[in-house]
Each structure stands twice: as structure tokens, then as C-alpha cells.
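Following the hints, complete the assembly by docking chain B onto the known chain A.
One letter stands for each residue in the lines below.
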Amino acid sequence: MVRLEHVHKYFNKDTQREVHALDDVSLVIEDGEFTVITGTSGCGKTTLLNAIGALDSVDSGRITIDETEITKLDERERAALRLQDIGFVFQAYNLIPVLNVAENIGFIMKLQGYHHEAIEKRIREVAMILEMDHRLSAMPNELSGGQQQRVAVARAVAAKPKLLLADEPTANLDSKNSQRLMQMMKSLNEIEKTTILFASHDDYVMEMSRREIILSDGHVEKM
Amino acid sequence: MFSLALKNILFYKGRTLTTFLLSLCSTVLFVVYVAFMDGSHESMLKNSLSIYTGAIQVMHAGHYENPSYDTLLEDLPSVMQTLKEIEGIRASTPRLESFALLSSEEDSAGAMVTGIVPESEVLVSRLKEALVKGRYLDSEDSNRLYMGEELAKRLGVDLDDEVALVGSATDYSFAAERFQIIGLFKTGLFEFDASSAFVNKAYFDGLMLSEKMASSIVITVDDPEKAETVAEKISKELPEGTEVLTWKKLMASMVQAMEVDSLFGYISMGLFFIVVFFVIMIFGFINISGRIRELGLLRALGLRSSEILKLLLLEAAILAFASVLAGTVIGGYLAHFYELNPIIIKGMAETYKAYGIISDEVPTRFDLFTIAWNAMVVLLLNFLAIFYPVYYIRQFTPTEAMHHV
Chain A
1 MVRLEHVHKY FNKDTQREVH ALDDVSLVIE DGEFTVITGT SGCGKTTLLN
51 AIGALDSVDS GRITIDETEI TKLDERERAA LRLQDIGFVF QAYNLIPVLN
101 VAENIGFIMK LQGYHHEAIE KRIREVAMIL EMDHRLSAMP NELSGGQQQR
151 VAVARAVAAK PKLLLADEPT ANLDSKNSQR LMQMMKSLNE IEKTTILFAS
201 HDDYVMEMSR REIILSDGHV EKM
Chain B
1 MFSLALKNIL FYKGRTLTTF LLSLCSTVLF VVYVAFMDGS HESMLKNSLS
51 IYTGAIQVMH AGHYENPSYD TLLEDLPSVM QTLKEIEGIR ASTPRLESFA
101 LLSSEEDSAG AMVTGIVPES EVLVSRLKEA LVKGRYLDSE DSNRLYMGEE
151 LAKRLGVDLD DEVALVGSAT DYSFAAERFQ IIGLFKTGLF EFDASSAFVN
201 KAYFDGLMLS EKMASSIVIT VDDPEKAETV AEKISKELPE GTEVLTWKKL
251 MASMVQAMEV DSLFGYISMG LFFIVVFFVI MIFGFINISG RIRELGLLRA
301 LGLRSSEILK LLLLEAAILA FASVLAGTVI GGYLAHFYEL NPIIIKGMAE
351 TYKAYGIISD EVPTRFDLFT IAWNAMVVLL LNFLAIFYPV YYIRQFTPTE
401 AMHHV
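Protein chains in written order, with this note's numbering: chain A, 1 to 223; chain B, 1 to 405.
You may find that some hints are simply not true.
Straight-line distance between alpha carbons at most 30 Å, and here's what the computed DSS-like set of lysine-lysine pairs gives [what the hints assert, rightly or not]:
no.: 1; chain 1: B; residue 1: K46; chain 2: B; residue 2: K186
no.: 2; chain 1: B; residue 1: K186; chain 2: B; residue 2: K249
no.: 3; chain 1: B; residue 1: K7; chain 2: B; residue 2: K128
no.: 4; chain 1: B; residue 1: K13; chain 2: A; residue 2: K110
no.: 5; chain 1: B; residue 1: K128; chain 2: B; residue 2: K248
no.: 6; chain 1: A; residue 1: K186; chain 2: A; residue 2: K110
no.: 7; chain 1: B; residue 1: K128; chain 2: B; residue 2: K46
no.: 8; chain 1: B; residue 1: K7; chain 2: A; residue 2: K121
no.: 9; chain 1: B; residue 1: K310; chain 2: A; residue 2: K110
no.: 10; chain 1: B; residue 1: K153; chain 2: B; residue 2: K7
no.: 11; chain 1: A; residue 1: K72; chain 2: A; residue 2: K121
no.: 12; chain 1: A; residue 1: K72; chain 2: B; residue 2: K248
no.: 13; chain 1: A; residue 1: K72; chain 2: A; residue 2: K176
no.: 14; chain 1: B; residue 1: K153; chain 2: B; residue 2: K186
no.: 15; chain 1: B; residue 1: K128; chain 2: A; residue 2: K160
no.: 16; chain 1: B; residue 1: K249; chain 2: B; residue 2: K46
no.: 17; chain 1: A; residue 1: K193; chain 2: A; residue 2: K176
no.: 18; chain 1: B; residue 1: K346; chain 2: B; residue 2: K13
no.: 19; chain 1: B; residue 1: K46; chain 2: B; residue 2: K133
no.: 20; chain 1: B; residue 1: K133; chain 2: B; residue 2: K84
no.: 21; chain 1: A; residue 1: K110; chain 2: B; residue 2: K7
no.: 22; chain 1: A; residue 1: K162; chain 2: B; residue 2: K310
no.: 23; chain 1: A; residue 1: K160; chain 2: B; residue 2: K133
no.: 24; chain 1: A; residue 1: K162; chain 2: A; residue 2: K176
If you're looking for bench data, these hints aren't it; they were derived computationally from the structure.
Keep in mind that this is a model prediction, so the values were computed, not measured.
With the rest of the complex left out, here is chain A (with noise of 0.2 Å):
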């Protein structure tokens, strides 16, 4: 379960460009939920999704995964929690470009001391689910935008993290690819019982996720 108690994070603090991009924020967000942020450009989404995967510190507020504090944690344990605990779907720039498929969907489980064989067969697994399978060899340079950015979801929940976080995981895609996408997304939700958590102001993402929460100016209008 992940839960956020009155957030806020400001950028360019007491400066004349300060801007209160979280103020707040408190929700929760239940184990297996597949839940959208939505709203305007530049309402906060990113900077929620990064917030919750500890990939940014907030200024004031707490966060907590289950029963790890984030907001307490040093850059060391936080990198440790991203590692164990987190998958990421960026928008863009998502695959690691000297791996392969393979290598690029193992690699966070080789990174948390995997056995060989148990990231082969989890390989496999994934790649399955998302019809990548036939691709494995290939560099990410060979891959269209969608196969890109199915083999960043593989990699994400590949290692069976708590919570995924997809951010804008559509934006680059044409509305075909960003269905099958979404689907098979869905899919990981249903049978791997992953929370998945995306930012998206994509209508195809909304209609598809469970539970929609709408972010104004950095504060929750709708959960």
C-alpha cells in the first residue's frame, strides 16, 4: 500500500520563480490497484510519480510503501528501494542501449543477484505476456517505439516489484500501440497482481484504468 500524508514540494524554493508543484497531497493508493493520475500539463503528475518512487524528495509530508518511510530514506537507501521494490515505464528513453531485449528485461533482476536461470525462464515469462518473445536478440535500436516501450514494462515488472510506475508510458505511441500496450499492461495487473500507478492524460489510459485521480495545480481535486 502506498500512502501520502499532506506532500508538498516546491521547485526553485524562495526564489522569485518558485513554483508549489505538490500542495497537500495526501491519498492512498491500495496493492493492486491500477490507478491513473491524470489532469492538465504541469499540474504535478510527474512530479507525484517521481515523489512516490523516490526518485525526488518532497519538502514536507510523508510517503510510505507499505511500512518504508521514503521520505526518510538517505540517496543510498532510496537507490535500494528503486532497485527492490520499484519498476519504472518512462515516457521516453526507457531501454539501456548496449543490451539486448533480454539482457535489457533481466537486467534488474541480474542487478538484485538473480540466479541465471531464474532471469532466463522470468525472461521468457514476461516476454510472453507482452509478445516479445520473438525479439529477444534485438537491440533497442532495432525496435519500433512501441516495442520499446513493451520491453521497458517487461524489465519493469520483471523483477516483481511492489509498485510500477508508468509515466505518460503512451505519449510517443500511436493510439494502436498505446491499446496494446495498455492491455497488456492490464493483463500484468490481472495475473501478476502488480500495483501499477500511471501518469497519463491519455483518454485511452483512463478508460482503461480502475481509478482515476485528478491533480490540479499540484493539489488532489478527485480521488
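Chain B alone, transformed into the frame defined by chain A:
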């Protein structure tokens, strides 16, 4: 991590090749440059020592600073016998030096007339090889003179001509004799050739009343660099009142000249290395700047800053080790090759004879220790050059890095 570093190296081929070649060329250049510098110094030193000075000289204490008949070595046979038993000495020979006036029919000149033992002198000096006219001395020679070509010119004499010697015997009595010139030599050292003449010591001792005496005993050793060690052994074996001097003192001006030359050589190399350092660093910086988003992604996925640092250092290390190793092998091979087959620059000996260069050959010096430290310097340079780019990348948070343009 190692495999990721290796994949990065193989993936970014252009960057890899440029860094590799830059580092390789620097290593080859440095190894060969130092080998040539050391080789020319060693050659100059060996030549100079072999012309006349020898690696070590044994004298009576105080004779070097203030040469006089009062500070001659005595009981020469006993000292020579002692020297024969010391390990590390290749050959030794006594000399009796006397400053005298030489006069021909045309002119007179002051000269250092030295009594030598012809057979053993050839083992420590190149006097015999310097012969240009006539013949070298032998042990049967009496009043025969082996004279520097420039001195002969000053006196206006030639082979078979006679000159009169007027000097002082070791008991400060008057010593005079007529000598016939049987040979002329040219070492290339102008001052030496213009002021030196040699005579058979056995005969000279009779004239100078210097039997069993010598101004100095000249010694050659297998390795001039180890002369100090041999000199210490000699000091221990010879009686008090004897002074043992190595080439470092005997040729202090040449040692200083070589040190200055080395210093300028290293300053030149230092400037070269500053340029190489900045080229590697700027190149590394440009490359890492181009990978900020990739490195940001790695951090977002859970790699710690220290692991990113480790990854980048590993990449630098693999490239540096490979290029420096290849450079060392190539540089070492060239150093060894040119040690065996020196480059020949025609006319060099003539131009630089005043500096003790008696050959047109420019040899290198192949020394594994020197090559090893040369390689370590370039390796260190490679590592130092990566630190600023790594420091730069560490300033970004994962999200800043991923959004970097």
C-alpha cells in the same frame, strides 16, 4: 558491472577507438622518448668514460682537489694486487701525470704528459683506438711520445719529429729529455687532444723518479651505474689516506649537463602530458555528457551513484589497461629494436664531439623498470582524466539526468 562496462566500450566504437589510440600513442611516444633520452645519455657517458676517465679512479687523499707530487699513490704493486681481488672490477691501470713544457723547433706548449702502462691502458680507455697516425705505445718504448693531434699542430710537429720535455721529477729535481713522436691521436675532445701526451710509464718512472708511484689508478666496471657499489668495496679494502672517486664526481659537469638535459626532456614531456590529459579529459567529458540520460536511467532503475562511478571507472580502466599495455609492448619493442640497431645520424659525432659524443649512432636504452614506470604514468593520467567527467555527472539527480538535453 564488468560485462556492462565491456558492452559500453564495444557499443561506443568511435569513442573507444579514439581514446584507445590517444592513450596508445601517448604510451608509445613516452616509452620511446625516454628510451632515446636515457640511451643517448648512457652512450655519452660510456663514451666519455671510455675515452680516458674510467668509471672509478683511486688516488691519494687530496690529490683530486690539489694535484701534486706530495699526494702520489705509493706502494703501487701492493695496491694493484688488492684491486685484482675485488669483485666487480673489469680492469685497472695506473697513470703518472706530470705537467711539463714541450718544445719543438718552432714552438713550445705546456702539456699534461702522462706515463701509462700501454697493455693495461687499452683495457680502460680508448687512447689506442683514437690513433690517427703512426702507432700506439708498447711496453718496450723508451723516449717515445704518443701525442694529441691538436697538440702536435700547436707545436708544429708531425710523426717522427722530436720534442724536448722539460719538467720536474717527483723529488722536484729538474727532469728533461728528448722524445720522438711515434703516434698521433684524436679523441674528439678538443681540449684533451690539444694538451695531452703519453709515454710508457716504465720509462717515464725512470725519468720522473716515480717507481712504484702513480697519480691515479683508473678502473672500469661492468656497469657504470653500479660504480658506487664497487667504489665502496674498494674503499674498504685500501688503506686509509686513499680516496676512491666515481665518474659522478670525476665528470661532475657532464653529470650536471645530463641532469639538465633530462630535466628539459621531462618538462617537454610534462607539457605533452598536460595536452594529452586535457584531450582525454575533454573527450571523456563530451562522451559522458552524451550519456547523461542513459546514466540517469541506470540510477532511476536502482544503481547507486557509487555504482555508476564504478561503472565509469571500470570502462576507463579497461580502455586504459588495454591501450597502455599495447603501447608498452610496441614502445618496448621499438626501444629494444633501436638499442640493437641504433639510428645513425651522419655528422653528429663531429658536431657534438665537445660533449663526448664519438659516434653517429643514437641508441635507445631498453630498461624494463623504466618502461614500467613510463606505462604507470600514462595509466595514472588516464585515471585522473576521468575524475572531472565523473564528478560532473554525479551532480545530477536521476530525474535531472533523465531530462537532460
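We went through each hint and held it up to the structure:
1. K46(B) - K186(B): Cα-Cα ~17 Å, so holds.
2. K186(B) - K249(B): 25 Å, holds
3. K7(B) - K128(B): The hint is violated at about 66 Å.
4. K13(B) - K110(A): 25 Å, holds
5. K128(B) - K248(B): 25 Å, holds
6. K186(A) - K110(A): 25 Å, holds
7. K128(B) - K46(B): 16 Å, holds
8. K7(B) - K121(A): 23 Å, holds
9. K310(B) - K110(A): Holds. K310(B) to K110(A) sits at ~17 Å (cutoff 30 Å).
10. K153(B) - K7(B): Violated - the C-alpha atoms of K7(B) and K153(B) are around 75 Å apart, more than 30 Å.
11. K72(A) - K121(A): Distance ~36 Å between K72(A) and K121(A) Cα, so the pair is violated.
12. K72(A) - K248(B): 69 Å, violated
13. K72(A) - K176(A): Given pair K72(A), K176(A) is violated - Cα atoms ~42 Å apart, limit 30 Å.
14. K153(B) - K186(B): OK: K153(B) and K186(B) at ~12 Å, within 30 Å.
15. K128(B) - K160(A): 90 Å, violated
16. K249(B) - K46(B): Given that 30 Å is the threshold and the Cα spacing comes to 15 Å, the pair holds.
17. K193(A) - K176(A): 25 Å, holds
18. K346(B) - K13(B): 44 Å, violated
19. K46(B) - K133(B): 25 Å, holds
20. K133(B) - K84(B): 33 Å, violated
21. K110(A) - K7(B): 15 Å, holds
22. K162(A) - K310(B): 28 Å, holds
23. K160(A) - K133(B): 96 Å, violated
24. K162(A) - K176(A): Holds. K162(A) to K176(A) sits at ~28 Å (cutoff 30 Å).
Going down the numbered hints, you'll see the structure goes against 3, 10, 11, 12, 13, 15, 18, 20, 23, while the others check out.
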